[in-house]
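Student: Here is what each chain is made of, one letter per residue.
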Amino acid sequence: MSERTSNRIFDIVNITCVTLFVLFCLAPFLHVIAVSLSSNRAITSGEVTIFPIEVNWNAYINVFSDNAMIRSLIFTIILTVATTLLCMIFTIAAAYPLTNTKLKGRKFFMYLIIITMFFSGGIIPEYLLIRDLKMIDSVWSLILPGLVSPFNLIILISFFNNIPPSLEESAEIDGSSHFRTLMSIILPLSMPVMATLALFYAVGRWNGFQDSLMYINNPDLYPLQLKLFQMVQNNMVSELTQMEGANRTALTPESLKAATVIFATVPILAVYPWLQKYFVSGVMLGAVKG
Amino acid sequence: MSKASYFRRYWQLYALLSLPIIYFLIFRYGPMYGVQIAFKDFNLFQGIGGSEWIGFDAFREVFGMREFYSTLRNTFMLNFLDLLVSFPAPIILAIMLYEIKSVWFKKISQTILYIPHFISWVIIGGIVYQLFGNQSGMVNEVLQGLGLSPIPFLTEKNPWLITYLFTGVWQSAGWGTILYLAALTGVNRELFEAAEVDGATRLKKIRYITLPSIKPTIVTLLILNLGKMVSIGFDRPYIIGNTAVREYSDVLSTFVYRIGLESGQYTLATVVGLFQAVVGLVFILGSNYISKKVTGNGII
Numbered sequence: 012m013s014e015r016t017s018n019r020i021f022d023i024v025n026i027t028c029v030t031l032f033v034l035f036c037l038a039p040f041l042h043v044i045a046v047s048l049s050s051n052r053a054i055t056s057g058e059v060t061i062f063p064i065e066v067n068w069n070a071y072i073n074v075f076s077d078n079a080m081i082r083s084l085i086f087t088i089i090l091t092v093a094t095t096l097l098c099m100i101f102t103i104a105a106a107y108p109l110t111n112t113k114l115k116g117r118k119f120f121m122y123l124i125i126i127t128m129f130f131s132g133g134i135i136p137e138y139l140l141i142r143d144l145k146m147i148d149s150v151w152s153l154i155l156p157g158l159v160s161p162f163n164l165i166i167l168i169s170f171f172n173n174i175p176p177s178l179e180e181s182a183e184i185d186g187s188s189h190f191r192t193l194m195s196i197i198l199p200l201s202m203p204v205m206a207t208l209a210l211f212y213a214v215g216r217w218n219g220f221q222d223s224l225m226y227i228n229n230p231d232l233y234p235l236q237l238k239l240f241q242m243v244q245n246n247m248v249s250e251l252t253q254m255e256g257a258n259r260t261a262l263t264p265e266s267l268k269a270a271t272v273i274f275a276t277v278p279i280l281a282v283y284p285w286l287q288k289y290f291v292s293g294v295m296l297g298a299v300k301g
Numbered sequence: 076m077s078k079a080s081y082f083r084r085y086w087q088l089y090a091l092l093s094l095p096i097i098y099f100l101i102f103r104y105g106p107m108y109g110v111q112i113a114f115k116d117f118n119l120f121q122g123i124g125g126s127e128w129i130g131f132d133a134f135r136e137v138f139g140m141r142e143f144y145s146t147l148r149n150t151f152m153l154n155f156l157d158l159l160v161s162f163p164a165p166i167i168l169a170i171m172l173y174e175i176k177s178v179w180f181k182k183i184s185q186t187i188l189y190i191p192h193f194i195s196w197v198i199i200g201g202i203v204y205q206l207f208g209n210q211s212g213m214v215n216e217v218l219q220g221l222g223l224s225p226i227p228f229l230t231e232k233n234p235w236l237i238t239y240l241f242t243g244v245w246q247s248a249g250w251g252t253i254l255y256l257a258a259l260t261g262v263n264r265e266l267f268e269a270a271e272v273d274g275a276t277r278l279k280k281i282r283y284i285t286l287p288s289i290k291p292t293i294v295t296l297l298i299l300n301l302g303k304m305v306s307i308g309f310d311r312p313y314i315i316g317n318t319a320v321r322e323y324s325d326v327l328s329t330f331v332y333r334i335g336l337e338s339g340q341y342t343l344a345t346v347v348g349l350f351q352a353v354v355g356l357v358f359i360l361g362s363n364y365i366s367k368k369v370t371g372n373g374i375i
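Going down the list, the protein sequences come from chains L and V.
Numbering of the first sequence is given in this note's numbering, commencing with residue 12 and proceeding in unit increments.
Numbering of the second sequence is given in this note's numbering, commencing with residue 76 and proceeding in unit increments.
A few of these clues could be false.
To be verified - Below, in silico cross-link-like pairs of lysine to aspartate or glutamate (EDC-like), each with a Cα-Cα straight-line distance of 16 Å or less: (1) K181(V) x D22(L); (2) K280(V) x E265(V); (3) K145(L) x D222(L); (4) K280(V) x D22(L); (5) K113(L) x E183(L); (6) K113(L) x E179(L); (7) K280(V) x E174(V); (8) K232(V) x E322(V); (9) K280(V) x E268(V); (10) K303(V) x D157(V); (11) K176(V) x D22(L); (12) K279(V) x E174(V); (13) K279(V) x D22(L); (14) K113(L) x E180(L); (15) K279(V) x E268(V); (16) K279(V) x E14(L); (17) K280(V) x E14(L).
It is worth saying that the hints were derived from the structure and are not from the lab.
With the sequences and hints as input, model every part of the structure.
Tutor: Next up, the structure:
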């Protein structure tokens, strides 16, 4: 076998394997999309795999006409935007001063922050704190506890450290205040890393579940994930009781659950490809040095 | 520089820094103050400070609980099996991606492979149910269509374990390639050319050039992963798990949630949480130390 043919075989096998892996990642989504678009008859008779059968939009029409669902969606969007903004402000407010080597107490503050990456009080003391701060059933319980992620902060500090110090120095000579240097020199130069961190915070908030499970009892303040969880858990319970012969009349139809899953996924899928090229380098920055 | 002029020059930085520092003191250090209830007979009405000290009584009680040991065992078991299955996947995938020459194909593949990382466990739970449910799950429908008997993926221990591990690979394999691909960008291309002149096949090049060049990354990540053996996220076992498979799916984090917030045994739950935090700290510092010794790379 010549070198060329063996190269060719290698490429074919390799590309096939990668394609299979890609399909393996994609297939579950395709199935859920197919279920969300198929008729109930086709779903219950088990005909739906990755192509929708007897296509209809009823499930989506149902989701969009469910007021509670729409309210939850709007709430989650506002919550995500507000959380992301606050997180970014707080992370920048920590990163910029900590980049300045002339700042007294810098090491101390760094340790103060890094220690929290390795040791935490645990969920019960956290819960009691939120309770004592009277934030149960308040949006603040979903925003404040996660304002600064030390991991994201380290990414930002390493990025700021790579900006040539001469830029800042010359601004200082020109009489620029620290605030001004930050706003008009540092931030404009850091847009890629800002986009990355904003994505991480936004995805974290959008996907966040445990905190809402713990702190939110008022259905008006249910984020999408908690609503979705209740639908899924409903499923699990039926899986278990079904074996004991219970009926499942009260259950949400499969297509509706599928449509809700898609509904909660689309916003992320819509933003993330645009930011991909940034976050790849962002992750590397964070991984290289901690 | 005098104190006054130093402050005049840097007050803005301190003003900025005060925001996050206040946050850390309240929301990260605040709970650490609450840890003392592990040593107290915690009473909601008397609060953290007012409850009575009981020393190590709660620890004795926890260490006498059978459930504590089964959740501890499950935590190790799930993490260990996960490491076994999920750790090699991104390495293989990264090498395969690295060998692809077509830029557009590589880009599209990567974009799709990263997606599962951004999907919440709640949504994955929904997808898992649609795929593996006993009654209407797609996989079982297909199995039955082929004349095979359905597999109770979600309701029996061993099949559930496979479902749990499988979702882990699905969620993390693509994202895990990022670091390996980053390590591979640093490889000197001339090495490959030289190997080609010597008549090395593609597989030989992978074995003698590609793999050794990501070996430090592999070793570092492996050691750091070993350091996370006792810390286990809450969402995945809680959402993928259910009462039928609790014997396997109940881990330290779900146990803390269950006895603490569902049954209101705050003291016992705090003890378990503290145990997990301390053992976790020992593991992570230990693995970091080993990582630094072995590879020169660590996280701190």
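Student: Which numbered hints does this structure break?
Tutor: none
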